[in-house]
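Enquirer: Following the hints, complete the assembly by docking chain L onto the known chain D.
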Amino acid sequence: MLTRVTPADSLQGRGTRHTVTVRVTHWITVVSFIALLVTGIEILISHPRFYWGEVGNSLTPPLFKIPIPSSRSTVPTGYTYVLPDQNGWSRYLHFEAAWVLLLTGLVYVVYGFYTRHFGRNMFPDRADRTWAAIRHVIAKHLRLTRSDETEGRSYNVVQRVTYLLVVFVLFPLVIWTGLAMSPAFNSALPWSVILLGGRQSARTLHFIVSVSLVLFLFIHVAMIVLAGFASRMRGMTTGIATDPRSVDE
Amino acid sequence: MNKISRRRFVTAGLATTAGISGLAIATSLANRYGLVPPDSGGIFGPGATLTYAAHRLFSRNLLAREFPRSKISTTPFANSIAPLSDDFKRLQSGGFADWHLSVQGLVAQPATLSLSDLRNFPVRSQVTEVVCEEGWSYIAEWIGTPLHEVLKALGVLSRARYLVYVSMDTDWWDSIDMEEALHPQTLLTWGMNDGDLPVSFGGPLRLRVPRQLGYKSVKFVTRLMVTDSVKGFVPALDLKSPNYGYSWYAGI
Chain D
-8 MLTRVTPADS LQGRGTRHTV TVRVTHWITV VSFIALLVTG IEILISHPRF YWGEVGNSLT
52 PPLFKIPIPS SRSTVPTGYT YVLPDQNGWS RYLHFEAAWV LLLTGLVYVV YGFYTRHFGR
112 NMFPDRADRT WAAIRHVIAK HLRLTRSDET EGRSYNVVQR VTYLLVVFVL FPLVIWTGLA
172 MSPAFNSALP WSVILLGGRQ SARTLHFIVS VSLVLFLFIH VAMIVLAGFA SRMRGMTTGI
232 ATDPRSVDE
Chain L
282 MNKISRRRFV TAGLATTAGI SGLAIATSLA NRYGLVPPDS GGIFGPGATL TYAAHRLFSR
342 NLLAREFPRS KISTTPFANS IAPLSDDFKR LQSGGFADWH LSVQGLVAQP ATLSLSDLRN
402 FPVRSQVTEV VCEEGWSYIA EWIGTPLHEV LKALGVLSRA RYLVYVSMDT DWWDSIDMEE
462 ALHPQTLLTW GMNDGDLPVS FGGPLRLRVP RQLGYKSVKF VTRLMVTDSV KGFVPALDLK
522 SPNYGYSWYA GI
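Protein chains in written order, with the numbering used here: chain D, -8 to 240; chain L, 282 to 533.
Just chain D, same shape as in the assembly (with noise of 0.2 Å):
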């Protein structure tokens, strides 16, 4: 299944940067979790109040706040006017979008291990697991040199371990806050809730994750407009690799 590009078909111009599962995988996860985050915005703006431990309610002091009106005229938010209630259809297409993201992330992880994808591609060469490397990738960036032609094929240390992060760590611990919310989930499996802190710990958590993925996702989409848009955007769509004479366009 894994198509590698040998130098030759770079130099020509051919060869896939991407397989189809890897594209097609990577796009039904850009729709869903771009319906779970406004979806989830829109959830949030019900109660924008956080708190920490199992129970936390209007009458409770909040860990933190998200200063803007809510959709609810019971919540305490300094302003005077109360948004339109937009949970019914938010909370039906954040559960699908959900089951979407769930079950493409289980074919893409277990397509991954299978073909020895996350070992090949992803998981950094014993040469670059030192932090030298990763300094001298971070100060590349820093001082904003051009990707050169071995990066429209691979992906640098840092690349790596952020995709690794991302996958294995971000979007787990996403799915299980979310999880961790649900009454009837909690039936069945009580100490995903209590390790967690508790039902508002959950919450909170779900809260912090979700803007760490919506960070990688700026950052993400600011890197591939920096390294050329066009030809990543080839890489990850028809999976045609950048022919290395055209990287700079």
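Since the hints were made in silico from the structure, they are not lab data.
Hints are not guaranteed to be accurate.
No farther apart than 20 Å at their CA atoms in a straight line, the calculated lysine to any residue pairs in the SDA-like style are these [stated by the list, open to error]: (1) D:Lys56 <-> D:Gly69; (2) D:Lys56 <-> L:Thr356; (3) D:Lys131 <-> D:Asn147; (4) L:Lys352 <-> D:Lys131; (5) L:Lys352 <-> D:Ile185; (6) L:Lys352 <-> D:Ser49; (7) L:Lys352 <-> D:Gly188; (8) D:Lys131 <-> D:Arg111; (9) L:Lys370 <-> L:Ser481; (10) D:Lys131 <-> D:Leu217; (11) L:Lys433 <-> L:Ser481; (12) L:Lys352 <-> D:Pro181; (13) D:Lys131 <-> D:Asp116; (14) L:Lys352 <-> D:Gly69; (15) L:Lys433 <-> L:Phe402; (16) L:Lys352 <-> D:Thr51; (17) L:Lys352 <-> D:Ser145; (18) L:Lys433 <-> L:Leu396; (19) D:Lys56 <-> L:Phe358; (20) L:Lys352 <-> D:Ser183; (21) L:Lys512 <-> L:Phe358; (22) L:Lys433 <-> L:Thr508; (23) L:Lys352 <-> D:Lys56.
Expert: Just chain L now, kept in the frame of chain D:
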């Protein structure tokens, strides 16, 4: 057509056929075992069905978390309720002595029960959390009559699939499946934290469904209907209901 693309064509065809027949079998099995919620149509149907089916497969007889009494919230949040009607106020001034709960539909002996009738059934007390879909929560002790005790005493007919419960409040009702209705923690609640259930929390009678979100725990309950179909009684689909647009199954 070269060799590889023909093989791919055949593989894709077989996979599609297997997928479609698999889906058809899954749908018929899901229907038979009660894994399809009444709001399974429309664009959100697949998600709602997956969630309901997953919960029903994996948490069928499991209990909602219960807490020690020391965890009872000192600041429970009552949430807003609609202005009380004159009928309600009249019953309230009489200490709810004339409050009645009628049980109709697919039961062997339909009945109308007063609050004192309900108190003659075995009493259950449970410290559980109220979880609002908005995100907030509190823990309280809920005291009442397990719904299954009442339903078993009146005799549920085998055709029964759902329970519809109706509030005295205008256009407020909801429904749950029989599994949730017969669940040991589904409670016809008339007491809270050692006292009578306050009106602001749904008194004199609220149906607490602790494995689902707060909006399924309808306040001021006066009528129960055991049915085989909730057509016309699913708030998620009913424009008149305050729960309009909210998913029928609220375990998440």
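Enquirer: All hints, please: hold or fail.
Expert: Taking the hints in turn, this is what the structure says about them:
With a CA separation close to 11 Å, the supplied pair Lys56 of chain D and Gly69 of chain D stays within the 20 Å bound. Note on Lys56 of chain D and Thr356 of chain L: the hinted pairing holds, with a Cα-Cα distance of about 19 Å set against a maximum of 20 Å. With a CA separation close to 11 Å, the supplied pair Lys131 of chain D and Asn147 of chain D stays within the 20 Å bound. Restraint check for Lys352 of chain L and Lys131 of chain D: the C-alpha separation of about 54 Å exceeds 20 Å, so the hint is violated.
For the proposed pair Lys352 of chain L and Ile185 of chain D, the alpha carbon gap of about 14 Å is at most 20 Å, so the pair holds. For the given pair, Lys352 of chain L sits about 18 Å from Ser49 of chain D by alpha-carbon distance, which is consistent with the 20 Å threshold. Of the pairs offered as hints, the one joining Lys352 of chain L and Gly188 of chain D holds, with about 14 Å between alpha carbons and a cut-off of 20 Å not exceeded. Of the supplied pair hints, the one linking Lys131 of chain D and Arg111 of chain D is violated, its CA atoms being roughly 23 Å apart against a limit of 20 Å.
A hinted pair counts as satisfied when its Cα atoms are at most 20 Å apart, and Lys370 of chain L with Ser481 of chain L qualifies at roughly 13 Å. With a C-alpha separation of about 13 Å, the suggested pairing of Lys131 of chain D with Leu217 of chain D holds against the 20 Å cut-off. This hinted pair does not check out: Lys433 of chain L and Ser481 of chain L have alpha carbons roughly 30 Å apart, beyond 20 Å. Pair hint Lys352 of chain L plus Pro181 of chain D holds up; C-alpha atoms about 16 Å apart against a cutoff of 20 Å.
Pair hint Lys131 of chain D plus Asp116 of chain D holds up; C-alpha atoms about 19 Å apart against a cutoff of 20 Å. The suggested pairing of Lys352 of chain L with Gly69 of chain D is violated, with an alpha-carbon distance near 30 Å, which exceeds 20 Å. For the hint pairing Lys433 of chain L with Phe402 of chain L, the CA-to-CA distance comes to about 11 Å; that is within 20 Å, so the pair holds. Between Lys352 of chain L and Thr51 of chain D the alpha-carbon distance is near 14 Å, which keeps this suggested pair within the 20 Å criterion.
With a C-alpha separation of about 53 Å, the suggested pairing of Lys352 of chain L with Ser145 of chain D is violated against the 20 Å cut-off. Using a Cα cut-off of 20 Å, the hinted pair Lys433 of chain L and Leu396 of chain L holds, with the two alpha carbons roughly 18 Å apart. This hinted pair checks out: Lys56 of chain D and Phe358 of chain L have alpha carbons roughly 18 Å apart, not beyond 20 Å. A distance of roughly 19 Å separates the Cα atoms of Lys352 of chain L and Ser183 of chain D; the hinted pair therefore holds under the 20 Å criterion.
A hinted pair counts as satisfied when its Cα atoms are at most 20 Å apart, and Lys512 of chain L with Phe358 of chain L does not qualify at roughly 33 Å. A threshold of 20 Å between alpha carbons decides the hint, and for Lys433 of chain L with Thr508 of chain L the separation of about 15 Å falls inside it, so the pair holds. Distance check on the hinted pair: Lys352 of chain L and Lys56 of chain D sit about 24 Å apart at the alpha-carbon level, beyond 20 Å; violated.
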